[in-house]
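Could you put the whole structure together from the sequences, leaning on the hints where they help?
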Amino acid sequence: MTELAGHVVDAFADRIRAIEERDLSPHAIRSYDTRGRLVPEDECGVRTPFQRDRDRIVHSKPFRRLKGKTQVFIDPVGDHYRTRMTHTLETTGIARVVARALRLNEDLVEAIGLGHDMGHTPFGHAGEEGLDAVLNERFGGRFRHNEQSHRIAERLNLTEEVRDGILTHTGEKQPTTLEGKIVRIVDRVAYINHDIDDAIRFGILAEGDLPREELAILGHRGSERIDTLVHDLIETSDRAGDIVQSDEVGSAMLSLRQFMFDRVYLGPITKPEHEKARRTVRAIFEAAIAEGRTPNEATEFVAGMTDRYALEYAARL
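Here this note's numbering = 1-based position in the sequence shown + 2.
Treat the hints loosely; a few may be bogus.
As the list claims (entries may be wrong) - Below, computed lysine-lysine pairings styled on BS3-like, alpha-carbon distance capped at 30 Å:
#, residue 1, residue 2
1, K63, K278
2, K175, K63
3, K69, K278
Keep in mind that the hints were calculated from the coordinates and are not lab data.
Okay, structure coming up:
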């Protein structure tokens, strides 16, 4: 058995190189052409560098804590509301479908998708805004969850391509790989559609509230909208040689996203929850500074919390 295992390990990298050269698009990143890690290390004999990154993310504490960080609603009562982890899994699954269809590197897409929100605060975007505000007021700093995710990726010593995709999944800077561009767009495809589902379940929206013009283009059910968005992304990208949406579908998605910000993310029903989230984050950060933590340490402390732990910790204060 030991002798067989040795033969497998010796042949693994050559076999993967041959498969990728035969099957992947010329525009895809090859697994063994990675620009490397911050700290050089020997590679695994039975996993590519990007597969190894995926495993490091999945086995990390920041990834496990995503199950306790909700998307829109603070620590909601109910088994079926999305968490930051289910969002991550949905994003990754959709992104792999797109990568496979375009013959890009699925393992790279998977690692970026699984790691893109590792640095997110508790309480979703309200928590992020609260931490950014107090950090800026007290010390002139800023907080962005993609930058925090990138810091975690650096600590995990992930490859350059995965770190780049994690950092640029949101914000002004664009990914340097097509695989990273897939995750950047699919992240929005996933959260817009599953947040609609959660908002209807929570009672903030009714089916009839959704904008008709956008639904006529994208579809009336969540699965239809995702199907439309994915097929459009694949076909338009294939024609363009880049990762892009068609004007019609892309505009409809952006319009639906704005509707969600107006009615749900920043709407009157969730406003009290968001204010509570900001107060909670501010109180914990201020207490951490008063205890002698540096601004960076206080930021790390708050950003790593789950919703429930943050609420319990703030209550003890």
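A quick look at each hint next to the structure:
Distance restraint check for K63 and K278: the Cα-Cα separation of roughly 26 Å lies within the 30 Å cut-off, and the hinted pair is therefore satisfied. Note on K175 and K63: the hinted pairing holds, with a Cα-Cα distance of about 27 Å set against a maximum of 30 Å. Between K69 and K278, the direct Cα distance comes to roughly 20 Å. Compliance with the 30 Å bound is thereby established for this hinted pair.
Comparing the model with each numbered hint stated earlier shows that all of them hold.
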